[in-house]
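K.L.:
Sequence lines, in order, name chains A and B.
Each residue of the first sequence is one higher than the last, beginning at 1 in the numbering used here.
Each residue of the second sequence is one higher than the last, beginning at 550 in the numbering used here.
Treat the hints with care, since some could be wrong.
Said to hold, decoys possible - A few chain A residues that face chain B, going by a derived Cβ cut-off under 10 Å, partial list only:
id: 1; residue: Asp467
id: 2; residue: Leu469
id: 3; residue: Asp470
id: 4; residue: Asp473
id: 5; residue: Ala478
id: 6; residue: Leu479
id: 7; residue: Ala484
id: 8; residue: Arg512
id: 9; residue: Trp516
Stated by the list, open to error - Not close to chain B: a few residues of chain A, all C-beta gaps over 10 Å, as computed:
id: 10; residue: Arg5
id: 11; residue: Val26
id: 12; residue: Pro37
Derived by calculation from the structure, the hints in this document are not laboratory data.
Idealized CB from N, CA, C, for every residue including glycine.
What follows is the residue order along each chain.
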Amino acid sequence: MIDFRTEPSCYRHWRITFTDSVANLVLSVDEAAPLVPGYDLKLNSYDLGVDIELNDAVQRLRFEHPEIKSVIICSANDRVFSAGANIRMLAQASHPFKVNFCKFTNETRMAIEDATANSGQFYITAINGACAGGGYELALATSYIIMADDGSTAVSLPELPLLAVLPGTGGLTRLVDKRGVRRDHADFLCTTEEGLRGQRAVEWRLIDEVVAKSRLRELALARALEFGPQSDRPAEARGLKLDPLERKIEEQKISYSNLTITLDREKACAFFDVTAPDTAPPADISAMRESGCRFWPLAFARSLEDAILHLRFNEESIRSWVFRTKGDPAVVSAYDTFMIAHGDDWLVREIRLFVARTLRRLDVTSRSLFAFIEPGSCFAGTLFELILAADRSYMLRGSREGDDTPAPRIAVNEMNFGAVPMYNRLTRLQTRFLGRPDRIEELRSCLGTYLTAEVADKLGLVTFTPDDLDWDDETRLALEERAAFSSDALTGMEASLRFAGPETMETKIFARLSAWQNWIFQRPNAIGENGALKLYGSGKRPEFDRRSV
Amino acid sequence: MGLNYSERIPNNVNLSGDRRLMRALEIWQPHFLEWWKEMGPEGFQAADVYLRTATSVDAKGWATFGYLKMPDYRWGIFLAEANPDERIAFGEHKGEPLWREIPGEYRGVLRRLIVTQGDTEPASVEQQRHLGATCPSLYDLRNLFQVNVEEGRHLWAMVYLLHAYFGRDGREEAEALLGRRSGSGDNPRILGAFNERTPDWLSYFMFAHFTDRDGKYQLASLAESGFDPLARTCRFMLTEEAHHLFVGESGIGRVIERTCQLMNAHDTDSVGLFGGIDLAIIQRYLNFHYSISLDLFGSELSTNAANYFSAGLKGRYREDDWRDDHQLIGATRTVLKPEGSVIVESTQPALVALNETLRDSYVADCERALARWNKIIGAANIDFALKLPHRGFHRAIGQFSGVNVTPKGEIVSAQGWESRRDQWLPTSADKQLVADLMRPVLKPGEFASWIAPPVRGINHQPLDFEYVADLPQV
């Protein structure tokens, strides 16, 4: 089982050092510590295990180090920055694993960009040796790239010529979208195994600066410090230590403090039961600091994130996720009010951004998402986003016969109007009602009102509103029907329907990953007996089907 | 609600204990009655009809006779008895327990099958609603109405399934069954044959014999379904369907009998002048109705049919009687197909040819009825035999739809076929002659000139029994 929980004392592949307001994130891959047996992590190449640590480090730098304004990613290996994702690992991995691996690494790189854009934590890469494929893609996720000018250090994306696949972590898109590299230059780079070095790499905008190898560290630090004044991170603040996340895994059940997941393997379905906080929000920021990781929005996001990653990798056959909630929607709303009221506080901002990233993980998860809204539920504000993230939602009309629990109600609040945007940079409401700002305005007038199924239906907030008599059958059939469809086709359909509206760099990266890269990953030219990925390292020349598709 | 359900709606599905079903019926039942009054038998809604009502599924209850006004008929909901040990008998789920609830995987397909079957029931009532005005006797009028109310009950049977198992979708489909209209341009019935008018009683008997017989085979194959409530519903419907087929076969038999009497009495083949219908006309009507009914079985090669079978939703006629694996793995059969100017046999996977297999059972059944009719002709010492046309004749669906096949099974040019069309299919003169004979006979014990009386009455009643009373003033 793959565990995404880790902490710096357990790292095998990364080291973090601190100099004033600058952190050094040093890649030092332990060749002999692959996540699963079967390959060596030579030349600072990475596998999922390396990236789990990176993800954790990026997260902790945000939460635990308010004083850190810049982060330099560099390598401990004197001649190699990183050879990218480990090829033998990819060659032996199952297709679902490869896809989810790429998805996770993309999310980590986007978290780096999110930290730079929204948290005042600026990322720089210092390339001191060969920087190939995924290594260069990691650099591309940072905002400033400095490279040693030693006549041999180069950046390259050799996936196409070497392996007959694509750079799977947003490399192609970032070149042209983020760095403004000309497409013909990018074309040359991506078909040239050895890549580009020195001044030409700067001229082509592949990197920002070259410097003599001996001065690389010094220059990186200078650039990092230059960024300091632009950051609004409070140097004097105390960080929030992210405690180990408690969870219990049983055969049919995964439990966190505020989330229980029940697995129905026969129906290929997981029920996410989210529990609302049982106490009112803290009175002020210092009281919030007192509660630490137990502060509900943070605790909820941590559980949900871990659950998403756990199920993606360790429960591949559970195809439908059903979200249910339990608790007082007024309390959930009160926490949202707290979050909005204290939005300027650096930690509250971090928590909000984390909630947003976690919800975005849901958006790009290849599972059918359902929300079941039943009596006793609390789909308000932050939790209302789960309804919007779902492919379909069912809300009970009225209450249950013979049960005093009142009919369910849902509520929108300020959290739903911009605090937790999707990758398309729209809110989930804007995406749902694309091109209909009047509908969003209409909802603004419902702020703070608890909406019945009838009203929610009229406002277009839920899909179906069966009553007690129909509920069990309708929901059962919906899940059974889903379980019978092709998972591939569902993935394609859901991903297409979820992202209405404008393309952004992020939506393009995920879409192209799931379309082009995953297609190529299935083709004989890559993975056939004589495909390039299969033959890599054997010395044999791959045989290609020369027909164009 | 003014409805006392167990009283008003005889049933063996524990209706009063099923809130969901009751709620659905509360809304649907008044709409059904409105539909019945608007589209049911025209002019006879207030008449007293000597009807058979099913009040339970046992031998005592399923046929209770008495006078009723049709809108007061107690449309009930009945399933044949359950066998708790039964298992799915065919397809990829063979051997698994029968489904008591709808498997989500097959929800859409099952709904389509049920809706398609259900749609034919009100359609036939609509097609036949004008026939009362030209009935050949009170006996026949009563039989028509019996069939009509039972088609109505078969609609109820399908609506029961939609209401009980398909939630909101099912309720919407049940409403739509009352919204479509046979022959309507904007909102027609689903199957083509059910949008044709039934203009006269000869057509009606042909319809009841040939088209309702397709219904029998469709119901019989659904009665094998792994979805238990559907199977049991269809099994009970088949007991009523038998009467409809009797009305058709005996009706045609009586027309033939009368024609033979007139032929012998007047020593002529042309009995039109004497108020009868020529055997040649009967043959042409037969050719028409048989061929369009064959279309209802669908294409010779059908992946839908294969999917229904493999999924365990729709079996073969009397699935138990087949001595094979009931899964048809690797099985083949021959299917006729046109090839250039000849019809040849081709070997096809048995799974995709299941429509043809069901059609075989139907054709054999039609052959048996034909032999009985020909016996009537033989008994009158007349040298004539009715024949079923080749199954490629006059087809609009399947492999023969693009070619011109004669009743004997030869492929001819379109022009050659058209030039002989009047020999094979009812001509406008035939239709006119039949139409001219359609004059109402409403006195007890009397019969129209073109049809012989039946051998016996209904429920041991004499032939001059007043099968329909309190008739409207004509």
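K.L.:
Now tell me, hint by hint, if it's right for this structure.
P.N.:
Results for each hint:
1. Taken as an interface hint, A:Asp467 checks out: its beta carbon lies about 9 Å from the nearest beta carbon of chain B, inside 10 Å.
2. A least Cβ separation of about 4 Å between A:Leu469 and chain B falls short of the 10 Å threshold, and the interface hint therefore holds.
3. Taking 10 Å as the C-beta cut-off, the interface hint given for A:Asp470 holds, the closest approach to chain B being about 4 Å.
4. With a cut of 10 Å, the hint placing A:Asp473 at the interface with chain B holds, because the nearest CB-to-CB distance is about 5 Å.
5. Given hint, A:Ala478 at the interface with chain B, holds; its Cβ is 7 Å from that chain's nearest Cβ, closer than 10 Å.
6. A distance limit of 10 Å between C-beta atoms decides the matter here; for A:Leu479 the minimum to chain B is near 7 Å, and the interface restraint holds.
7. Satisfaction of the interface hint for A:Ala484 is found here, the shortest Cβ-Cβ separation to chain B being roughly 3 Å, below the 10 Å cut-off.
8. With 10 Å as the threshold, the beta carbon of A:Arg512 stays out of range of chain B, its nearest partner Cβ sitting at about 33 Å, so the hint is violated.
9. Nearest Cβ of chain B to the Cβ of A:Trp516: about 32 Å, over the 10 Å cut. The hint is violated.
10. A cut-off of 10 Å between C-beta atoms confirms that A:Arg5 is not in contact with chain B; the least separation is 35 Å.
11. For A:Val26, the requirement that its beta carbon stay farther than 10 Å from each beta carbon of chain B is met, with the minimum near 52 Å.
12. Residue-level check passed: A:Pro37 sits 39 Å from the nearest beta carbon of chain B, beyond 10 Å.
Violation of the numbered hints given earlier is confined to hints 8 and 9; the remaining hints are satisfied by the structure.
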